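Residue strings, one per chain:
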Amino acid sequence: MSKPIHRRDFLRRGGALLAASTLPLSLVEVAFGKASPNNFTFAYISDSHITHIRGSQFVRNWDRGLIRAVAETNLLDPKPDFVFYGGDIAQLGKPEEIDHGLEILSGLHARTYYVMGEHDYYLDLGEHWRYRLGPEYYSFDHKGVHFIVLNSILTWADWMNARWDDPMQRMRGMARLDNPEGQPFMVGERQRAWLEQDLAKLSRDTPIVVFSHSPLQKIYRGWNFWTEDAEQVQALLAPFDKVNVLYGHVHQIQYNQIGTIAFTSAMATAWPWPYPSTYKQAASYLPKLTVEMNRADPFFERDATGWQFVDMDTGRVDLHYQLPNNKNRVVAFDHEAGHPIDTEYQLAEQRTPAQIHY
Amino acid sequence: MTRSMTCSAGPWLAALLVLGYGAPLAAGQAPLGLPPVPIPADNPQTPAKIRLGELLFNDQRFSADGKVSCATCHSPDLAFTDGLPVSEGFRGQTGTRNAPTVINSAYMQTLFWDGREPDLESQSMQPPINPVEGGLADHQPILDVIRATPSYRGAFADAFGIDPDEITMEHVAKAIASFERTLVAGNSAFDRYLYGGETDAMTPSQIRGLEVFRGKGRCVSCHVIEQDQALFTDNRFHNIGVGFKRIRGAEEQTAAAWIEAKRAGADTDETVLTQANVSELGRFAVSEDMTEVGAFKTPTLRNIAATAPYMHDGSLATLGDVIEFYDNGGRVEADDPLSDFLSGGIRPLGLTEQEEDDLINFLHALTSPDYADETQTRAAAAPATTASTD
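Chains A and B, in that order, give the protein sequences.
If you count the first sequence from 1, position 106 lands on 106 in the numbering used here, and the numbers rise without skipping.
If you count the second sequence from 1, position 355 lands on 355 in the numbering used here, and the numbers rise without skipping.
Treat the hints loosely; a few may be bogus.
[To be verified] Simulated crosslink set (SDA-like; lysine to any residue; CA at most 25 Å straight-line):
| # | chain 1 | residue 1 | chain 2 | residue 2 |
| --- | --- | --- | --- | --- |
| 1 | B | 262 | A | 109 |
| 2 | A | 79 | B | 347 |
| 3 | A | 327 | B | 67 |
| 4 | A | 79 | B | 345 |
| 5 | A | 327 | B | 233 |
| 6 | B | 262 | A | 40 |
| 7 | B | 262 | B | 250 |
| 8 | A | 327 | B | 345 |
| 9 | A | 79 | B | 253 |
| 10 | A | 79 | B | 235 |
| 11 | B | 67 | B | 192 |
| 12 | B | 245 | A | 106 |
| 13 | A | 79 | B | 268 |
| 14 | B | 216 | A | 271 |
| 15 | A | 79 | B | 234 |
| 16 | B | 245 | A | 218 |
| 17 | A | 218 | A | 189 |
| 18 | B | 245 | A | 107 |
| 19 | A | 79 | B | 266 |
| 20 | A | 327 | B | 226 |
| 21 | A | 327 | B | 150 |
| 22 | A | 201 | B | 268 |
| 23 | A | 327 | B | 234 |
| 24 | B | 216 | A | 107 |
| 25 | A | 79 | B | 256 |
| 26 | B | 216 | A | 40 |
| 27 | B | 245 | A | 67 |
| 28 | A | 79 | B | 226 |
| 29 | B | 245 | A | 189 |
[Said to hold, decoys possible] Now the in silico label distances, taken between C-beta atoms and shown as ranges:
| # | chain 1 | residue 1 | chain 2 | residue 2 | range |
| --- | --- | --- | --- | --- | --- |
| 30 | B | 261 | A | 156 | 54 to 60 Å |
| 31 | B | 256 | A | 349 | 46 to 52 Å |
| 32 | A | 141 | B | 256 | 27 to 33 Å |
| 33 | A | 204 | B | 109 | 22 to 28 Å |
| 34 | B | 249 | A | 177 | 37 to 43 Å |
| 35 | B | 47 | A | 278 | 50 to 56 Å |
| 36 | B | 216 | A | 110 | 38 to 44 Å |
| 37 | A | 354 | B | 61 | 52 to 58 Å |
| 38 | B | 137 | A | 141 | 53 to 59 Å |
| 39 | B | 161 | A | 278 | 55 to 61 Å |
Quick caveat, the hints were computed from the structure, so don't treat them as lab data.
Because the structure is a prediction, the values reported are computed rather than measured.
All residues carry an ideal CB built from backbone N, CA and C; glycine is no exception.
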C-alpha cells in the first residue's frame, strides 16, 4: 500500500533516518554554515524524450509521462521554489519536439531551469535549445545555496564538427546505445575553466548543487552513463564541504558518494532503463550504495518512471522519488554515514525481493 | 494495520454457505473459481454470529429516518447493489459514489472505492453516521435500539456470550462482517469453462471475449485471472479517467483545500460523499500520494451483468458504455480531453465491433447461478447494449 508522501506529512512524521529534515532552524543554520538560510524545496523533472511523428502528432506515451509529472508537481505543498528540468526534452533534437515539450512544461506554476541533454543537442548542436532557453552553462544563488548548471554531454570537437551529410546522422549516432563508434560525453576545457572561476568566489562551506545531464562519474561507457573528464570536474569541486551532483540520463535511481560529493540521479518521465549489470552482463561501475529498482510492469506505461522533489533543509539534497504504480522512495543524505542512503531499503534485509515468478 | 488472517475456510464455512446465497459446499471448499475466504483471526465465523449479522444488515432502524439499512443500497434482490448511479441515503439524499456489490467483498484488501477502510468490520461502521447515508449523529442510537429489542439481546448473547449492556459497535460490525463473508459467489459459466473443464460452458463468442479480455483489451492486467482462481481485481487503485471532468483545471486547488481541511480535522468519509470535487481526488484524499490523484479501487467483475450502472460515480449505464470508454483510452467520446493524471495502463485499444460484442458476452459469463435472475432484471431495465448472444 502506498504511504503518504505529502510533504507536510513527511515533515510531520520525521523518522530517525530523516531527523535531519525536522531539525530546528538554528541547527539548519549550522548545517548550512551560512547566515539565515531558509529551508526550501524544488522539483526535479527529467528525460521526457518527446518524439515527433509527423505534423502535429507526437508519441502519446512520452507526452503522457511529462503531462502527468507536470500535473503532479503542481500539487506540491509547500510550493517548490523552482523546478529543475534535467535534460532530454526531445528525442531527436527537432525544434518541434523541444517546442512541444516546453509547451507542456509551461503548465508548471514555478520558474523552471534547464540543463542540456544529448537528445536536445546533437541535431543542431544546441541551437534551438539556446534560442528557447538561453545559455547552456550558468550558475545562480538561492537561499544560501550555489547552483551550477553544466552542459556535460559535449564530445570531441572533431566528431561534433565533422562534415555530416545530414545532421540527423550525428543525432542518431549519439542516441544509439552500445554504438561501437559512440563518443564519450564530456564537460570540456572551456566549461571547466569557467567552473574554476565560478567556484573561486565561494567559501568552502557554501552548499553547492551541480546539475548535469550525464553522471559526473564513470559508470558504464557503452550507454554513456559516463563523463570522460569526470575526475577533472570532481577535482574542482572536491575542496568544498557539501557538494551535491544531480543528473538525469540514466532513467533509474542511482546514488553515490565520492569524497565530499554526493551524487543522485533523476527518474525519467518517459521510460526506464535497466541497470547495465543486469542487462548487458558487462562490467559496470554501478555505485555500491545504490539499491536497484525492481523491474517495471510493462502494462503500466508509467511504472518505473517518475519525477522527484528535493529538499535542501540540511545543505544536502534529499530526493523524494514520486513513482506512479510503485512505492515512492526517498534517498536522503545520512550525515552520520556521510553519504546518501535509501531511507527505507538501504539495508539488504529491508528490500523487497525481486519477482521471480511471471 | 494488517490483521492476521486465516485462509482456511474453517469448519463453519460449509454451514454458512447454504444460507441461501451460495451453493452448498463441503467443509474447506470455496466455490469454483474462488480461493478460500480469508477470515480474520479475531472474528471467526459462527452460525449465530452470521444469523445476527443478517438481521443487522437488514435493519432499517439504524438511520435517522428509520428507513435506511445496509440492504437499502446493497439489496439482496439487486445482487447486493441498488441499481442507482449514486446511492440514496436518508430522506433521499444522494452521495457521490456508486454502491458496489457486497458479493465477494470478503476478498477485498481495502474497502470503499478509495480504500479508506482496511476491512469489512471498519467499513460498516461508517454509513450509519454519514450525513447523506444513515444520517445518525453517532452510533449510540444503534446500540439503544439493539438493547431495547429482546430478540437482539438473545442473538448477541448467542453470538458473543455477552449481556446487553456489554454490546458495543465492535460486536455489531463483527456480526455484519461475518454475514458479508458468506456472500461469496463463483461457479459462473467462466469458472466452469476455465476451472471446471467444461469446454462448452461458454459460447464461442464468450470464449473469443475471454481472449480479448486477456489480450488486446488489456483488461486482465487489473481485473486479475489466476491459474486456479479469479477475483477479477488487483486490489489496487488506478486513475482510468472517470469523473475527472468535475475537477478538471481545479485539481490543485481541490487537493490543497482538502489537505488543509483534513489537517483541521475534517472527516474523510463524510467529505468524500458530500463534496463532489473532493470525491474525485479518489485515493489521494486518503493517501495524500501525488501519484494517486483520481485513482479508484479496481472492482471485481464477478456478477457484473447484474450490477449496473458502472464506475465509482455510476456514470456509465451499460457494459457497452464501459467498453467504449476503455476503447477510447479513458474517455466517453474519442475526442474528449484526457485526465492529466491518467494511469499508464489506459490507452486507446482499437477494438472491432465484433471484439466489443464478444467482450460484453464474456462479461455475462461471469454471473454466478444465484444472480442470473438479477441479470435478467437489469437487461430489461437498462438501455439496449450491443450485446448479442452467439
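Each hint tested on the structure:
1. 262/B with 109/A: Holds. Residue 262/B to residue 109/A sits at ~24 Å (cutoff 25 Å).
2. 79/A with 347/B: violated, 31 Å
3. 327/A with 67/B: violated, 43 Å
4. 79/A with 345/B: Judged against 25 Å, a Cα distance of about 29 Å means the pair is violated.
5. 327/A with 233/B: holds, 19 Å
6. 262/B with 40/A: Given pair residue 262/B, residue 40/A holds - Cα atoms ~24 Å apart, limit 25 Å.
7. 262/B with 250/B: Given pair residue 262/B, residue 250/B holds - Cα atoms ~18 Å apart, limit 25 Å.
8. 327/A with 345/B: With Cα atoms ~17 Å apart, residue 327/A and residue 345/B stay inside 25 Å; holds.
9. 79/A with 253/B: Judged against 25 Å, a Cα distance of about 12 Å means the pair holds.
10. 79/A with 235/B: violated, 32 Å
11. 67/B with 192/B: violated, 40 Å
12. 245/B with 106/A: holds, 21 Å
13. 79/A with 268/B: Holds, at roughly 24 Å.
14. 216/B with 271/A: Given that 25 Å is the threshold and the Cα spacing comes to 22 Å, the pair holds.
15. 79/A with 234/B: violated, 34 Å
16. 245/B with 218/A: Violated - the C-alpha atoms of residue 218/A and residue 245/B are around 47 Å apart, more than 25 Å.
17. 218/A with 189/A: holds, 18 Å
18. 245/B with 107/A: holds, 18 Å
19. 79/A with 266/B: Roughly 23 Å between the alpha carbons, so the hint for residue 79/A and residue 266/B holds.
20. 327/A with 226/B: holds, 24 Å
21. 327/A with 150/B: violated, 51 Å
22. 201/A with 268/B: Answer violated: residue 201/A to residue 268/B is near 53 Å, above 25 Å.
23. 327/A with 234/B: Cα-Cα ~16 Å, so holds.
24. 216/B with 107/A: Since the Cα atoms of residue 216/B and residue 107/A sit roughly 33 Å apart, the hinted pair is violated (cutoff 25 Å).
25. 79/A with 256/B: Cα-Cα ~11 Å, so holds.
26. 216/B with 40/A: Violated, because 46 Å separates the two Cα atoms, which is more than 25 Å.
27. 245/B with 67/A: holds, 16 Å
28. 79/A with 226/B: Status violated; Cα separation ~44 Å.
29. 245/B with 189/A: violated, 53 Å
30. 261/B with 156/A: 54 to 60 Å: holds, 59 Å
31. 256/B with 349/A: 46 to 52 Å: violated, 38 Å
32. 141/A with 256/B: 27 to 33 Å: At roughly 29 Å between Cβ atoms, residue 256/B and residue 141/A fall inside 27 to 33 Å, so the hint holds.
33. 204/A with 109/B: 22 to 28 Å: violated, 53 Å
34. 249/B with 177/A: 37 to 43 Å: Once the Cβ atoms are compared, 40 Å apart, the range 37 to 43 Å for residue 177/A and residue 249/B holds.
35. 47/B with 278/A: 50 to 56 Å: 54 Å Cβ-Cβ, so the 50 to 56 Å window holds.
36. 216/B with 110/A: 38 to 44 Å: 41 Å Cβ-Cβ, so the 38 to 44 Å window holds.
37. 354/A with 61/B: 52 to 58 Å: holds, 54 Å
38. 137/B with 141/A: 53 to 59 Å: Since residue 137/B and residue 141/A have Cβ atoms about 57 Å apart, the given range 53 to 59 Å holds.
39. 161/B with 278/A: 55 to 61 Å: Holds: the Cβ-Cβ distance is about 58 Å, inside 55 to 61 Å.
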